[in-house]
Amino acid sequence: EPEVTQTPSHQVTQMGQEVILRCVPISNHLYFYWYRQILGQKVEFLVSFYNNEISEKSEIFDDQFSVERPDGSNFTLKIRSTKLEDSAMYFCASSDIRVSYEQYFGPGTRLTVT
Amino acid sequence: AQSVTQLGSHVSVSEGALVLLRCNYSSSVPPYLFWYVQYPNQGLQLLLKYTSAATLVKGINGFEAEFKKSETSFHLTKPSAHMSDAAEYFCAVLSGGYQKVTFGTGTKLQVIP
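Taken in sequence, the protein lines are chains A and B.
Be aware that the first sequence starts at 1, since it is given in my numbering, and climbs by one per residue.
Be aware that the second sequence starts at 1, since it is given in my numbering, and climbs by one per residue.
Same shape as in the complex, but just chain B:
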């Protein structure tokens, strides 16, 4: 079964610093991978998705993620953190015959002024 593991439940970065949120996947088939963001008391917003077209995926708000098959990773990065990036980020994989999305446990990003 497909699954994802997020390393680090909390990450703190200074404003302007690099953001790196880690995600590793487990899948016996080529995966469809996603990153979602959840701002406090809000729903889930898709940041970006990997669907095998390109290994480096650019998303909204300056985020990008690189699919590395050799490392089974799909880490999320942003060169320079803004205060508005403070939120919880979920890595997710399409699974169950493409019928459901399986989410990771989430990483809360804190941006320090």
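Isolated chain A (complex conformation):
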């Protein structure tokens, strides 16, 4: 069964550094998403992406964040200058709303900012 994959599984970085989290969505899906879960808290929506542009974003998704689909398979989340409070689990998801509104989630990348 097709699945969303994410790399790396764990990323440690120093405050102020740039990080790029990578995702490979399910191949025929057209909508892509990023969510985050701070330890012990609920999962929060960050951004949705369709047709090579952001279709919706939350207030969390400020100028420090950007998303890109650099090629036909990858979907990335970049944090330009990481802060301690960016430490969280980041989930990528994808969907094909022509078939179903269900979003398929990847296993997540745990980002630790020191």
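Hints are computed from structural coordinates only; laboratory data are not their basis.
Computed from a prediction, not measured in an experiment: that's the story for all the values here.
Don't take every hint at face value.
List time: in silico BS3-like cross-link candidates among lysine-lysine, alpha-carbon distance up to 25 angstroms [said to hold, decoys possible]: (1) B/Lys58 with B/Lys69; (2) A/Lys42 with A/Lys57; (3) B/Lys69 with B/Lys49; (4) A/Lys57 with B/Lys49; (5) B/Lys108 with B/Lys58; (6) B/Lys58 with A/Lys78; (7) B/Lys69 with A/Lys83; (8) B/Lys108 with B/Lys49; (9) A/Lys42 with A/Lys83.
Got chain A sorted already, so can you dock chain B onto it with the hints?
Chain B only, in chain A's frame:
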């Protein structure tokens, strides 16, 4: 805006007992509702989804949920808990013009031998 509320951040049941995890939704339009499970240090796995086809929805691992419009509820149940059911469960609703999933705060299920 669509939202969900989960009652009880922690629920403990004995092995073999009924599991009941509560979720109430708020939505001005017919909602698309989901239950996800998260095992320790793992990602989110879809248990089941409600998309208005049937009010009683059966999912994986013996779980089911009933959509009750009159009570704005979508509670998750399982007749007999197993040790392997110990995890965190999230109720969620599709929102934002179907662009995003809004999650509840989660309920951690503990199964006591």
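Results of checking the hints against the structure:
| no. | hint | result |
| --- | --- | --- |
| 1 | B/Lys58 with B/Lys69 | holds, 17 angstroms |
| 2 | A/Lys42 with A/Lys57 | holds, 17 angstroms |
| 3 | B/Lys69 with B/Lys49 | holds, 15 angstroms |
| 4 | A/Lys57 with B/Lys49 | holds, 24 angstroms |
| 5 | B/Lys108 with B/Lys58 | holds, 21 angstroms |
| 6 | B/Lys58 with A/Lys78 | violated, 38 angstroms |
| 7 | B/Lys69 with A/Lys83 | violated, 43 angstroms |
| 8 | B/Lys108 with B/Lys49 | holds, 19 angstroms |
| 9 | A/Lys42 with A/Lys83 | holds, 19 angstroms |
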